[in-house]
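Taken in sequence, the protein lines are chains A and B.
Going by the working numbering, the first sequence opens with residue 1, and the numbers climb by one from there.
Going by the working numbering, the second sequence opens with residue 1, and the numbers climb by one from there.
Heads up, a few of these hints could be off.
Identical copies carry no separate label here, and so any pair may be met within one copy or between two of them.
What the hints assert, rightly or not - As a list, the in silico EDC-like pairs of lysine to aspartate or glutamate whose alpha-carbon atoms are at most 20 Å apart:
#1 Lys-108 - Glu-57
#2 Lys-7 - Glu-73
#3 Lys-106 - Asp-15
#4 Lys-3 - Glu-61
#5 Lys-3 - Glu-47
Since the hints were made in silico from the structure, they are not lab data.
There are 2 protein chains.
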Amino acid sequence: MNKVNLKEKLALFSDHWHPRIAGELNGQQVKLAKLQGEFIWHSHEEEDEMFLVLDGELTLEFRDRTVVLKENEFLIVPRGVEHRPVAHNEVSVMLIEPASTVNTGKIKNERTRQGLDYI
Amino acid sequence: MNKVNLKEKLALFSDHWHPRIAGELNGQQVKLAKLQGEFIWHSHEEEDEMFLVLDGELTLEFRDRTVVLKENEFLIVPRGVEHRPVAHNEVSVMLIEPASTVNTGKIKNERTRQGLDYI
Numbered sequence: 001m002n003k004v005n006l007k008e009k010l011a012l013f014s015d016h017w018h019p020r021i022a023g024e025l026n027g028q029q030v031k032l033a034k035l036q037g038e039f040i041w042h043s044h045e046e047e048d049e050m051f052l053v054l055d056g057e058l059t060l061e062f063r064d065r066t067v068v069l070k071e072n073e074f075l076i077v078p079r080g081v082e083h084r085p086v087a088h089n090e091v092s093v094m095l096i097e098p099a100s101t102v103n104t105g106k107i108k109n110e111r112t113r114q115g116l117d118y119i
Numbered sequence: 001m002n003k004v005n006l007k008e009k010l011a012l013f014s015d016h017w018h019p020r021i022a023g024e025l026n027g028q029q030v031k032l033a034k035l036q037g038e039f040i041w042h043s044h045e046e047e048d049e050m051f052l053v054l055d056g057e058l059t060l061e062f063r064d065r066t067v068v069l070k071e072n073e074f075l076i077v078p079r080g081v082e083h084r085p086v087a088h089n090e091v092s093v094m095l096i097e098p099a100s101t102v103n104t105g106k107i108k109n110e111r112t113r114q115g116l117d118y119i
């Protein structure tokens, strides 16, 4: 039961699209990640996913629209909704989603990250 | 599926110890609250509770120690652990906890808030 300082934790890593686990509650994980560039289109069939921007700007593309999240803004992507995160410049985000969530959804490729580390 | 700007939402209310619901995911609610003064000792038997400080400083008292959370710091209080939030000055927080969580835990008194509004 230790406190987590978001900026201190973010300073501990620099690679992109590689979330770290910063906390767990009620079967959900609190993850920190740095994103830059375009991710892949994917969805999570059983899991809602929260994106909170801590630093920078994140574009979330949906099939019918695009939402730009700035610092201190969040959006919850409901389960089943296809989305593609795009970061034109580096962005730091906090993600909240079930422990079972895989970053690429049903798709498994070289960008899939499983067995995430705690930070 | 709209984005939420935390500062804009916080500007919409000023009363203390009265959380508003800003989002829901996987049975959890994302709540925003302003706190000032001392709350009561309580625990949540079945729910872990996350406190993220957005502005100001929050003291979380436990029976065996005290933790001070500053802006951009969070702590997850595990289920069953007695705690007492204290805000010497006004603090704005984001809470994440199951939709079933009552702010005063098992205790029901004049500080109990149920049937929270969305903001």
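These are the hints, each one checked on the structure:
Taking the shortest Cα distances, Lys-108 and Glu-57 never come within 20 Å of each other, neither inside one copy (26 Å) nor across copies (42 Å). Proximity of Lys-7 and Glu-73 under a CA criterion of 20 Å is satisfied in both settings, with 16 Å inside one chain copy and 8 Å between copies. In this assembly of identical chains, Lys-106 and Asp-15 lie within 20 Å of each other by CA distance neither inside one copy nor across copies; the values are 23 Å within and 44 Å between. Proximity of Lys-3 to Glu-61 under the C-alpha cut-off of 20 Å is restricted to the inter-copy arrangement: shortest distance 13 Å between copies versus 33 Å within a copy.
Only between protomers do Lys-3 and Glu-47 lie at most 20 Å apart by alpha-carbon distance; the minimum there is 18 Å, versus 26 Å within a single protomer.
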